[in-house]
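Visitor: Knowing the structure of chain B, use the given hints to seat chains Y, G, U, R and X on it.
6 protein chains.
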Amino acid sequence: MSMKNQGVVVQDIARADAEVIKGLAECGVATVHEAQGRIGLLASYMRPIYAGASVAASAVTISAPPGDNWMIHVAVEQVKAGDILVLAPFSPSDAGYFGDLLATSVRARGGVGLVIDAGVRDIKTLTEMQFPVWSKAVCAQGTVKETLGSVNVPIVCAGELVNPGDVIVADDDGVCVVRREEAADVLKKARARLANEEAKRQRLAAGELGLDIYDMRQKLAAKGLKYV
Amino acid sequence: MSMKNQGVVVQDIARADAEVIKGLAECGVATVHEAQGRIGLLASYMRPIYAGASVAASAVTISAPPGDNWMIHVAVEQVKAGDILVLAPFSPSDAGYFGDLLATSVRARGGVGLVIDAGVRDIKTLTEMQFPVWSKAVCAQGTVKETLGSVNVPIVCAGELVNPGDVIVADDDGVCVVRREEAADVLKKARARLANEEAKRQRLAAGELGLDIYDMRQKLAAKGLKYV
Amino acid sequence: MSMKNQGVVVQDIARADAEVIKGLAECGVATVHEAQGRIGLLASYMRPIYAGASVAASAVTISAPPGDNWMIHVAVEQVKAGDILVLAPFSPSDAGYFGDLLATSVRARGGVGLVIDAGVRDIKTLTEMQFPVWSKAVCAQGTVKETLGSVNVPIVCAGELVNPGDVIVADDDGVCVVRREEAADVLKKARARLANEEAKRQRLAAGELGLDIYDMRQKLAAKGLKYV
Amino acid sequence: MSMKNQGVVVQDIARADAEVIKGLAECGVATVHEAQGRIGLLASYMRPIYAGASVAASAVTISAPPGDNWMIHVAVEQVKAGDILVLAPFSPSDAGYFGDLLATSVRARGGVGLVIDAGVRDIKTLTEMQFPVWSKAVCAQGTVKETLGSVNVPIVCAGELVNPGDVIVADDDGVCVVRREEAADVLKKARARLANEEAKRQRLAAGELGLDIYDMRQKLAAKGLKYV
Amino acid sequence: MSMKNQGVVVQDIARADAEVIKGLAECGVATVHEAQGRIGLLASYMRPIYAGASVAASAVTISAPPGDNWMIHVAVEQVKAGDILVLAPFSPSDAGYFGDLLATSVRARGGVGLVIDAGVRDIKTLTEMQFPVWSKAVCAQGTVKETLGSVNVPIVCAGELVNPGDVIVADDDGVCVVRREEAADVLKKARARLANEEAKRQRLAAGELGLDIYDMRQKLAAKGLKYV
Amino acid sequence: MSMKNQGVVVQDIARADAEVIKGLAECGVATVHEAQGRIGLLASYMRPIYAGASVAASAVTISAPPGDNWMIHVAVEQVKAGDILVLAPFSPSDAGYFGDLLATSVRARGGVGLVIDAGVRDIKTLTEMQFPVWSKAVCAQGTVKETLGSVNVPIVCAGELVNPGDVIVADDDGVCVVRREEAADVLKKARARLANEEAKRQRLAAGELGLDIYDMRQKLAAKGLKYV
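Chains as they are written, first to last, in the working numbering: chain B, -7 to 220; chain Y, -7 to 220; chain G, -7 to 220; chain U, -7 to 220; chain R, -7 to 220; chain X, -7 to 220.
Extracted from the complex, chain B is given alone in its bound form (with noise of 0.2 Å):
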């Protein structure tokens, strides 16, 4: 649901840096949320319409009405290279707001895909296009254009709050926002993060347990953990 009052368009946002925006795809949803202090997750219903995208980009974001996308127009207007379209209803709606002609759109402005929490249509050819949406449903039903909303305003999607320029990380695990600020602080966790896990996917690969190297044992001792 939308935080401000509706009809308004903000042009000007700052983004995140592009080589730490890279940086957070390459580290994937689950890394860095956990690299952020497990915070920043929407919720599990978002899912991919095909699987193997995996994308980290700037958030334009739109607030606009049930069963109305004509905001969408507005927002491609916005988009740059690198930016995501990030879209919540003022209220629940699983109406399809985008396809396949609006995809083409904002990939000429160089957009990389969409978070909606509403539906999609088109499903077929936006995955010939590889052009990746996360979405709580796939939905033919169309929309109006009558009713105004917001461009980049603060926006609450699927359970999460997203600023304009806040840096969405997406791919099959769900979508994590990254408060633009934070950014590169998060990046750097989240490297450390797999660093330090590539060390004990060996030590698990050849048979070590999580109990010993993790040292658990004496802590699920003191808890009472009895063997039978």
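Think of the hints as simulated: they come from the structure by calculation, not from any bench. Remember, it's a predicted structure, so these values are computed and weren't measured experimentally. There is no bait here: all hints are sound.
Identical chains share a label here; the pair holds if one copy fits it or two copies do between them.
Mimicking DSS-like on lysine-lysine, the simulated pairs with C-alpha atoms at most 30 Å apart in a straight line are: (1) Lys181 with Lys137; (2) Lys72 with Lys218; (3) Lys192 with Lys181; (4) Lys192 with Lys215; (5) Lys180 with Lys215; (6) Lys211 with Lys181; (7) Lys215 with Lys72; (8) Lys137 with Lys180; (9) Lys218 with Lys181; (10) Lys137 with Lys218; (11) Lys218 with Lys192; (12) Lys180 with Lys14.
Guide: Okay, now just chains Y, G, U, R and X, sitting in the frame of chain B:
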């Protein structure tokens, strides 16, 4: 849910013209839905069991008891080449009414798929057979053969009225029903829409904005949209 | 939900015969479920993270707190070749209890998969590893390691009782549990069913009707079915 | 969902006999539903906003856009004494289409309630007014007045076809629709059922078993029921 | 879901001591659930049909087909004074298995209520009778009498194992099952808990903080809680 | 979900003027929501535990782990007269975080209620106390006290951003949040709306139509509405 007393099989139903049906298949769900005035879409929880299937076919309707698939056997005998089974239970059920044996039988009669507001099973084999199913659930739960339903009566399937002989259009975006007697007219409108879309696509791909192509700026301003 | 006081690890559990388990894997979920009298099916919201996986394995059960995956580490030590982890939280949770590191560890012990009435993450890597998971959700949400649960106690997972050592059969149709002591008998019935189905398939493919093959016409007429 | 092109108000609809409607109200939803052969029940998510209301009335149907209640104002003019509004949105919506002002207007025209496959608000005042509403949701979310729908066209409401002038029976058990032309016949059957039930009730209250009253023991034994 | 072959009625089941059952009723669901180690709670979608009912009773269990209430008639004969029916369908169903006639019959046998992982109807009369029901749904949908189930076998109801003769505690907070053989011990712990709570209540009502009463400040500080 | 690192208690928060808050309570949720431009409504699954409660109060926010109610004890110390607790878990949970003991403590501090995007228990006692709670679930499931969250940080509760000190308006229609700094202005608009509504109500009660009062006929005709 059903709208007629149970225990009736209507054997002689009218179907739309085969060329019209073929044409609707080429247009796809989203276009057909728009072309007929944004009506006829089944609920978005109806999902295909595998990606990429796309059909249009004449509905052989089944009104069936919850957890009882007896009437599918009755319906198969009514299937002609180019038909699709459309099943709605009297009351909600996720049971697995349909599997690869029934699909084999439907295909042997010339049938091309199934739309079911309930469950389906043998997904792997159905996928190998490329026998498309749109369903509410994938569920192995077996069914009984105890209670009558009806075949080829009007049903409400996933929130939409389906008459026997109506045209079902189904693809990755979901399922849409077109009234038999309106099918030719809808096809005409759908093709016009596609032609129009192709021109739009090229302009959008070239970087033109929907705001300009659809001449929206003035209307947005009139509604009070503010750029800041 | 759990049915025992927490904090217990049962180390010595009986398992079904390896040949029987292998046989059940070949039969698949729908056939096994029917063969044992249409029982044992977990709720249909349990879905595989990728299509095509098909396993049968001995259950190592985990009763775990919501949002706390500590006991998975404990359970991994109990895994023997041919085992599958089966986790039920005390109360509903969609959190991502399990990812690629734990999968690496389970595989190193000879384990073959996971059934979890909660969330899983690192989907892309798990798919690349071809490590099958059946879950209620895909969710990157991290978990804590604070509270004890139990390993190898009877649990209710997705609506079905699972005892340690029971045989889990899982494929694209869902997940079915077979009691360890009934596994050999169920296999016999499942194989008989498959043999019978193959004969039916050929007749159906040749255009014969289920109405005739299963001799249904008289019974339908007796129930009052009318052809009009 | 709607089944007609939008933008039409049908002003002259037939209604069932007032005495028949009154009789159906006295029978209640469960009895009427059974009397007409277990059909006509709307989805069970349709719940009354307060307990104890029980009505039968002629349907004035509304096909409305999601989140847009304009057509309710249009429909109120069509309400005659003894009518009930029945609204289905084109696509799913939980918005609060209806509140105490509209209820005041409906009542002033002689209308007796609302059935809405969407949301309602001003629950407290509606309860004080004893104006009954059966809805999918209670939700204060405001609606717009931008897009046309239709009044007095056939609609599918909560999974069931409702024609204008059909009789709606609604109480604490839910909502049932009776075809206008079948209403008198259904009433006759419902009354017979009630008379029969009263005799059964007295025998059951005296301790007789349904097993004996309905003569079930032999049929159960024939099916193979075993007492151990 | 059921865990036994169908078609069996177990006539002779053990029940807990009547005084113990009475004591558990006085403690209520939340206290009993905590007293037995936070286990035994049925899923929270199980809601009472009216507020204020509070019972404890011995479970007479029913494993029933979806949409088929035949076995309830069989079960009523097995009801003794102080029993409660507990029904789980083989696969999910919202149908209205139970109404006022069956309630009259159950009450005539001394039964005190129903817990059903499906639907119930005749809510108004059941409320007037003060016959308590905890259910997943209120639904007038009628059921058939065609297929066998079982009575007094272990069942999984709303996610929890219930054995015949287990004690069911149910009130406005939901439904909890206590193993028959543990009932006396759980009662002892529940009463101790209540006594302890009463003292706490008075201190809290006087304005003391849980932080101090439960001595939490140090532990919170140790975990790193910061006041700013 | 939370938007800050955990483990922080903000002790000094600003609150809106007490007279303004009182005024908002008198206006109710639907009117306040409209008055501030149809924003601020929490998801409609947030329902009161009993009918008739109506409050406006200053939010003391709680960001809590799933199934862990430790931070409520911390938050109670921060409650001042006229405050309401507003809790959002990090990830979805239905557990029963709150019962009559905590309510006793909150009330002793002058607190007036709870809004919780999770479960609550001891419903019967809370109702007797007339301590209002709006929640996602009623659930007796106990919680632990193991992991830190935060108090008085911005949270997203049921899809809406809530800052500490924002005004919560809640009644039978649901829950609405008003920004602290906008509260006086929203009250002014809400009162104007109420005054306007009263005049409308009298005209509607006298039989005038909204079509005429709101001057809709011309606009409907312009959109193409046809009377047949």
